[in-house]
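> The residues making up each chain are set out below.
Protein chains: 4
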Amino acid sequence: MSGTKSPFGPQVFTPADASFEQRVRASFARQRVMDTLGASLTSVAPGEVVIELPFREDFTQQHGYLHAAIVTAIVDSACGYAAYSLMPVDAAVLTVEYKVNFLAPAAGRKFIAQGRVTKPGRTLTVTTGDVFAETDAGLKPVATMLATMMAVSHRETSG
Amino acid sequence: MSGTKSPFGPQVFTPADASFEQRVRASFARQRVMDTLGASLTSVAPGEVVIELPFREDFTQQHGYLHAAIVTAIVDSACGYAAYSLMPVDAAVLTVEYKVNFLAPAAGRKFIAQGRVTKPGRTLTVTTGDVFAETDAGLKPVATMLATMMAVSHRETSG
Amino acid sequence: MSGTKSPFGPQVFTPADASFEQRVRASFARQRVMDTLGASLTSVAPGEVVIELPFREDFTQQHGYLHAAIVTAIVDSACGYAAYSLMPVDAAVLTVEYKVNFLAPAAGRKFIAQGRVTKPGRTLTVTTGDVFAETDAGLKPVATMLATMMAVSHRETSG
Amino acid sequence: MSGTKSPFGPQVFTPADASFEQRVRASFARQRVMDTLGASLTSVAPGEVVIELPFREDFTQQHGYLHAAIVTAIVDSACGYAAYSLMPVDAAVLTVEYKVNFLAPAAGRKFIAQGRVTKPGRTLTVTTGDVFAETDAGLKPVATMLATMMAVSHRETSG
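So the sequence lines, in the order shown, correspond to chains A, B, C and D.
Those letters in the first sequence? Residues 43 to 201, per our numbering, in order.
Those letters in the second sequence? Residues 43 to 201, per our numbering, in order.
Those letters in the third sequence? Residues 43 to 201, per our numbering, in order.
Those letters in the fourth sequence? Residues 43 to 201, per our numbering, in order.
Hint data in this document are derived by calculation from the structure and do not stem from the laboratory.
Warning: the hint list may mix true and false statements.
[To be verified] Below, in silico cross-link-like pairs of lysine-lysine (BS3-like), each with a Cα-Cα straight-line distance of 25 angstroms or less:
{"hint": "1", "chain 1": "C", "residue 1": "152", "chain 2": "C", "residue 2": "182"}
{"hint": "2", "chain 1": "B", "residue 1": "182", "chain 2": "B", "residue 2": "152"}
{"hint": "3", "chain 1": "C", "residue 1": "161", "chain 2": "B", "residue 2": "152"}
{"hint": "4", "chain 1": "B", "residue 1": "182", "chain 2": "C", "residue 2": "161"}
{"hint": "5", "chain 1": "D", "residue 1": "152", "chain 2": "A", "residue 2": "152"}
{"hint": "6", "chain 1": "D", "residue 1": "182", "chain 2": "D", "residue 2": "152"}
{"hint": "7", "chain 1": "D", "residue 1": "182", "chain 2": "A", "residue 2": "161"}
{"hint": "8", "chain 1": "A", "residue 1": "182", "chain 2": "A", "residue 2": "152"}
Same shape as in the complex, but just chain A (with noise of 0.2 angstroms):
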């Protein structure tokens, strides 16, 4: 979905703790949010997680489509633990800010959310993630995100 021809292939990123799927599917498990809303964590890779949620009819908006915030969780979710894969091992993961283009009405049976990072870095890191809905027709994007993403000690999140 990230467009036609990039002069760069896919990156390859090398975590910084060896048990990042373990960090991240314990983080996700903490999340209530996910688990109320029924999505689920279905890749774990290096920079890169999907994410994804059936069709709920109590999280529609005023159409009868997935409301856009719902969309964004997933998506928000699966960007913040591809950011959160290639932190050190006290690290907790933080959104700055997203922004979120919806490209048609988040109508299917199922939605996928792949979170990738595009600049990792010390302290903040740059995320793209793509959400796709499972149609008898195939898979159809329904939206994209560029995200910042900030890596805080413990602490600070906890406090």
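With the hints as your guide, set chains B, C and D onto chain A.
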């Protein structure tokens, strides 16, 4: 929240349709997600809408704060309905895109989202929104949004 | 420009460094691009900076209006210096990211960009900016910005 | 630059108007700012445009790097023309809004901006752009953009 001194005072908008409040309230009532979250529409004025949400532990992120996307949900709806309040009677509103900056952890007993029209337009309306947490120490800003809303005919949205 | 009624009045900031105006003016003077464009710094207050730019035909886009990126240049600098005005004496400021909405074609004899701090922070400062065109019919909003600025040590920027 | 692995390969677009390259080049030639900056249009394909700019000391910020807004100028134009390349013959293109993340200081002898269509539309087109610096150590990403472009009739823009 939106800064210090602006060269312009508050804008005054004249709605295209006198029944704007009724239309906003009817559309809000059709948003299943707002009911599921427990959000309520507390103020509807031409070009300005306020939505409130009590804290919900089942919508928190990994550190126990309200998830960024739930904060986004109420301010997106406040901005969308602020734009919708100025649209003609046969229009529907869609979120084209938004950007949100998170200013502080979403801790508090209640969250208040205010959406305001910055620039109305026939097709596109630019809106600004702020979210505040009600805490023992008073109102505290937690997020600010800049969003683009689009007027579409009812036909296009119910297709 | 930033909306109608805000629950908060203008914020008052206390600068960390009393010589903030001198630091802002010295840094502005080192921005070769501001001199090349013919922009000038017309107001420096704690957390708020105004930059002006006369219309320049050599910086227009294909329809004869000032190019969006030149409009962005002055409001980015106004926001960056608004943030910088509140930073400690040994800090430098970098733009992490910005989002700009264009509200009207940039037609006018002069453009006035106001940058304001929305939320100051030790590392990140969130700012809001507006650009107005001076026309025969008065001031007219042409763009609005929401931006994240970062304080870094001088060492990091001059490397 | 736009991430690691996408579920979709490069998109292929069919232009609505076979003379798209000629239209893009004619419009670019009318952008006085591109000539003033010394930028050139190096590639025009359906839904994808590349613009290059040699380093210019007179467009630097306070630390001697190319100013963020000049980086923005070339990637905004690349994205705008990428969108324009797919529009019908009687349309003009306007930038509705953009968001840019700055990934590294804009140091290098040349800057290459690539704009790509993410989602074309009758009224709105969503685009993604990247800017790279050409350095002795190879191409280095300096910025990434997510932008909304709008098709308008020529009449509306020349008013």
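> Taking the hints in turn, state whether each one holds.
Hints, verified against the model:
With a C-alpha separation of about 11 angstroms, the suggested pairing of residue 152/C with residue 182/C holds against the 25 angstroms cut-off. Distance hint between residue 182/B and residue 152/B is fulfilled; the C-alpha atoms sit about 11 angstroms from each other, no more than 25 angstroms. Proposed proximity of residue 161/C and residue 152/B is supported: the alpha carbons are some 21 angstroms apart, at most 25 angstroms. Between residue 182/B and residue 161/C the alpha-carbon distance is near 11 angstroms, which keeps this suggested pair within the 25 angstroms criterion.
Simply put, residue 152/D and residue 152/A have alpha-carbon atoms about 44 angstroms apart, too far for the 25 angstroms limit, and the pair is violated. This hinted pair checks out: residue 182/D and residue 152/D have alpha carbons roughly 11 angstroms apart, not beyond 25 angstroms. In summary, the hint linking residue 182/D to residue 161/A is supported, as the alpha carbons are separated by about 11 angstroms, within the 25 angstroms threshold. With a C-alpha separation of about 11 angstroms, the suggested pairing of residue 182/A with residue 152/A holds against the 25 angstroms cut-off.
Hint compliance for this structure: hint 5 is the single one not met.
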